[in-house]
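Using the sequences provided together with the hints, build the complete structure.
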Amino acid sequence: MRPGRQRKLFHLTLAQRSELRGALIFLALILLPSGLLGYLSWRALENEKLLAQERLLESYRQINALAAREINAELAEAEKRWVTVMREFLRQRKFGFSPAELDSVLRREPLLASCFVIEALGKVLYPADLSLHAEPGRGAAREKESYVHEHEVFEEIVTRGEEREYAQNDFAGALQIYREASSAVTDASLRAVAEGHVGRVLMKSGEWGEALATFQRQLARYPEARDGNGLQLRFLAQYQIASALDNLRREPEAVTALLRLNEDLLERSDAINTLQYSYFLEQTQGLARRLLTASNLPNRAACETQFRVLADKNKKRISQRYYVQLLDRKLNKLVIERKHFSAKFRYLSDEAENEPYLLAYYPLPDPQSKYVAGLLGLQIDLPRLRARLFPAILKELKVSEQIALAILSEKGDYVIGTERLAHAPADVQNLKAPFDFWQVAIYMRKAQPDARHEDFRSALGLWGIAILLLSIVSGAYLFVRRARRAAQLSQMKSTFVSNVSHAVGFD
Numbered sequence: 020m021r022p023g024r025q026r027k028l029f030h031l032t033l034a035q036r037s038e039l040r041g042a043l044i045f046l047a048l049i050l051l052p053s054g055l056l057g058y059l060s061w062r063a064l065e066n067e068k069l070l071a072q073e074r075l076l077e078s079y080r081q082i083n084a085l086a087a088r089e090i091n092a093e094l095a096e097a098e099k100r101w102v103t104v105m106r107e108f109l110r111q112r113k114f115g116f117s118p119a120e121l122d123s124v125l126r127r128e129p130l131l132a133s134c135f136v137i138e139a140l141g142k143v144l145y146p147a148d149l150s151l152h153a154e155p156g157r158g159a160a161r162e163k164e165s166y167v168h169e170h171e172v173f174e175e176i177v178t179r180g181e182e183r184e185y186a187q188n189d190f191a192g193a194l195q196i197y198r199e200a201s202s203a204v205t206d207a208s209l210r211a212v213a214e215g216h217v218g219r220v221l222m223k224s225g226e227w228g229e230a231l232a233t234f235q236r237q238l239a240r241y242p243e244a245r246d247g248n249g250l251q252l253r254f255l256a257q258y259q260i261a262s263a264l265d266n267l268r269r270e271p272e273a274v275t276a277l278l279r280l281n282e283d284l285l286e287r288s289d290a291i292n293t294l295q296y297s298y299f300l301e302q303t304q305g306l307a308r309r310l311l312t313a314s315n316l317p318n319r320a321a322c323e324t325q326f327r328v329l330a331d332k333n334k335k336r337i338s339q340r341y342y343v344q345l346l347d348r349k350l351n352k353l354v355i356e357r358k359h360f361s362a363k364f365r366y367l368s369d370e371a372e373n374e375p376y377l378l379a380y381y382p383l384p385d386p387q388s389k390y391v392a393g394l395l396g397l398q399i400d401l402p403r404l405r406a407r408l409f410p411a412i413l414k415e416l417k418v419s420e421q422i423a424l425a426i427l428s429e430k431g432d433y434v435i436g437t438e439r440l441a442h443a444p445a446d447v448q449n450l451k452a453p454f455d456f457w458q459v460a461i462y463m464r465k466a467q468p469d470a471r472h473e474d475f476r477s478a479l480g481l482w483g484i485a486i487l488l489l490s491i492v493s494g495a496y497l498f499v500r501r502a503r504r505a506a507q508l509s510q511m512k513s514t515f516v517s518n519v520s521h522a523v524g525f526d
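In my numbering, the protein residues as written are 20 to 526.
If you are wondering where the hints come from, they were derived from the structure by calculation, not from laboratory data.
Warning: the hint list may mix true and false statements.
Below, computed lysine-lysine pairings styled on DSBU-like, alpha-carbon distance capped at 35 Å [to be verified]:
#, residue 1, residue 2
1, K352, K430
2, K414, K99
3, K430, K332
4, K334, K451
5, K335, K349
6, K414, K142
7, K389, K352
8, K352, K334
9, K223, K334
10, K352, K99
11, K451, K430
12, K352, K335
13, K389, K363
14, K414, K451
15, K349, K363
16, K349, K99
17, K358, K142
18, K352, K363
19, K332, K223
20, K430, K363
21, K142, K363
22, K349, K414
23, K335, K363
See below:
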């Protein structure tokens, strides 16, 4: 091939490359801005959606905060009513009051379910038919004004014993110290606690016979004793008796002891909370299952039937005995800590039988009005309070057809509201103490789209952008392909003309 022809072909190839390069640049100028624009559009949509949701949630929070404020104000007004009634009652009767006068107060104030008056001697003055079963010696110790001192001495000795028992594993030394604690006090409850410590160490040491005798003595001498947390020691003593009998290979007696414990739990279940009841019931059932497999157990079928019948019985509802024990424990703490008298109502609240309770208490002074010597307790009628107060409040707070308000328990369970909805609330606000076991919740009557719907819409948007970009790429590809074909046709034409010219010139 001649040099002139080669130069023409080289120039044509350069032209073709130039056209292809231009097409690629054109393609890049389309793709990059389009892709960036698509991504920014998607992000803008997502951000706008999030901002809209945040603005909506913020508006719900503001509405719910206003609702909580109104409900708190109404509850505070209800609290003010019973506090005013009781303060006036106490002001007029500085030197004591009769049961008839307390009955009159309860009739006048419907939100008070019951009233309790307890002396620092462990005696219930009101209601008259209620008793704490105070142990002998408890009142005498308090009358001698040695009760507080005994508690301080007892706690100091027990702390030394627990150091030996748990930190040093010196069971013999701990046993000696606990026995010293029992002999150092006259209060029956403290002695009962010390006996429990002694029995526990004997069980750890494998002294089953001595441990059995210790717990039997504790149960016989102090049947109504409670520890510092209000737990009735009789249940623990009965369980330990059964356990000691089991270790002594006296299974029939151990089964009998467990049956007595089950019956005792049921009989006194109105004075203990569900957690304590469930704990001891679980412990007894676990030990019973093992004992019922013993080979020397007569009448196994009858024993199994008795345990099954007892297990099927329901726990009694919490009674006033439980509330009196709580108030007496609070009074006991105030006396031990030498609290000065303060004319102020305070509150105790928790949950019993899956329902909240609220106790107001007011300390009663000694004759010198210096230290706490008694306690006036009030049980607030929460069912009546919520039935009288909440429906009217929630009706007044109805702000929109799309919104529903409800009162929830501390666990988030529905209590009362304008409408009961299954989906989660948009916002929840805690009420102020002492009613902080309730919450105010705001709902959308039409449930908001869940996360799956949001993910589906986001995925749909991404697919739309992907299809858009694919369309641009496809169009750009067709454009480049047509440009290359046009370049090839141009080259073919140029080649043909060159060949023809060469042929003519050659001829």
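Exercise for the section: Run the structure past the numbered hints and jot down the numbers of the failing ones, going up. Expected result: The structure breaks hints 6 and 22; every other hint is satisfied.
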